[in-house]
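Enquirer: Chain by chain, the residues:
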Amino acid sequence: MNVPIRMLGIATTIFWVILAGFIASAGYSLKDLNFSIGEPQFTTTSDRDMVLSLPLYVFNGGFYSLKGFNLTTVFSDAEGAEVSRSSTFVPTIPHGQNTTILHNVTLNMDKLAENDEQYLFNDTSLNAEVTAGLNFAELLPVQLSTNFTFPWGAPLYDLTFGQPRFRSLSRSNAAVTVPISFENHAAFDLNGTIHANLYDKDGTLLAESQTPLDVSKGSSYAGNLDFAVPLNTASQASATGGHIELHFSTSMFEYGPVVMPIG
Amino acid sequence: MAFRVAKATVKAVLVYLLYFLVAPLILPMLTLVPGLVESIEFFVIVFVVLMVLSDLTERTIYHCFFNTARALFVIAYLAFSVRDGLFTTNVENISLTVNLTLFYTIAALLSLLELAKTVMQAINFMSERAETGIKP
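For the record, the sequence lines run as chains A and B. Here the first sequence stands for residues 35 to 297, numbered as in my numbering. Here the second sequence stands for residues 386 to 521, numbered as in my numbering.
Chain A extracted, bound-state conformation:
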């Protein structure tokens, strides 16, 4: 019986040494593992999506490959409702190599405005929850999670209308000009049109106007909505409380009506 016992002892010792060696080499590999995050880039797509591209640079100088790298970003609003979910999966990050991972986070403006129109008019913040998981040394699943607030700039921040101005075009027609202004705090340029309808106090459509829009990110817009209406009607609309309805049609979102009382 001595021989089997001795063999069992040798076998367990060998396995312990292998296990200890693995732990030591895995721990040692950690110090040669570098993660860095590049400058995020904003782009827009034809589907009216805002894409935030975040480059991740990984240098795996350790002894083992990293398997099943999975990065998930979830954006939610102040009430906790999920606004966007994006995942990036990399099957293998080989050892001894530099790997660049591009993590794309997509935000749909139409969906955002549908959830809460205040995203169009007020600067706010979104809650971002980032979870990264990978299989280290093919034996140790590791997960890292964090959350932070992501500043949100409204594309129609401080949307205001000035006092309507009336001027006579002819004996029977008048022009109504309504100044409009806002600031584009969003991370994208605003291109499109403002379609405006002028109604009298009874809700009858008096005139329509279309104004082109081309506002770069971070800049202000100040323009006029011009309507041509019969002279008597314009006076009536201003005096007795008509209203203007605005419809924004841009490359990033469709929104309307925004109702502005006049008079």
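Calculated directly from the structure, the hints in this document are not laboratory data. Please read these numbers as outputs of a predicted model, since none were measured by experiment. All C-beta atoms, glycine included, are put in the ideal place defined by N, C-alpha and C. A few of these clues could be false.
A short, non-exhaustive set of chain B residues, derived as facing chain A with CB atoms under 10 Å [stated by the list, open to error]:
1. 466
2. 481
3. 484
4. 485
5. 494
6. 495
7. 502
8. 508
Go by the hints and put chain B onto chain A.
Expert: Chain B in isolation, oriented as in the chain A frame:
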């Protein structure tokens, strides 16, 4: 007796040297979990003490007792330190979770193998003593 003392000393020094050399390599990983370094130090101390006692009491039944105690201690240490197999630590608002279930399973299975070996050693020792008529 002098040989046993020398053998126990050499083995204890070797184990301590192994710990001394390996610990700095895995220190970046260990420091992420609070209290883990102290826990491992405690484990190494108890393990070495039981190993030395086992070597000093060789060719007695106490040798088997201490070997079994050592194997049971390793299993118990793993069972208590593992809990659900997940080590979670928080640095500022970053949470790091390492799933050590597989590693602990392998270690626990090896410890069970060690325990089986010590039980076989005890049986063998008792049967040899019964055959020779010497009291254990």
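Enquirer: Take the hints in turn and mark each one as holding or not.
Expert: Going down the list of hints, with the structure as the test:
Using the Cβ-Cβ criterion of 10 Å, the hint placing residue 466/B at the interface with chain A is not satisfied: the shortest such distance is roughly 14 Å. A cut of 10 Å between beta carbons decides the hint on residue 481/B: the least distance to chain A is about 5 Å, and the hint holds. The interface hint given for residue 484/B is met, as the beta carbon of that residue sits about 4 Å from the closest beta carbon of chain A, less than 10 Å. The interface hint given for residue 485/B holds, since its Cβ lies 7 Å from the closest Cβ of chain A, which is under the 10 Å cut-off.
The beta carbon of residue 494/B comes within 9 Å of a beta carbon in chain A, closer than 10 Å, and the hint placing it at the interface holds. A least Cβ separation of about 5 Å between residue 495/B and chain A falls short of the 10 Å threshold, and the interface hint therefore holds. Look at residue 502/B: its Cβ gets to within about 5 Å of chain A, closer than 10 Å, so that hint holds up. The restraint placing residue 508/B at the interface with chain A holds, with a minimum CB-CB distance near 8 Å, inside the 10 Å limit.
The structure shown violates just one earlier hint, number 1.
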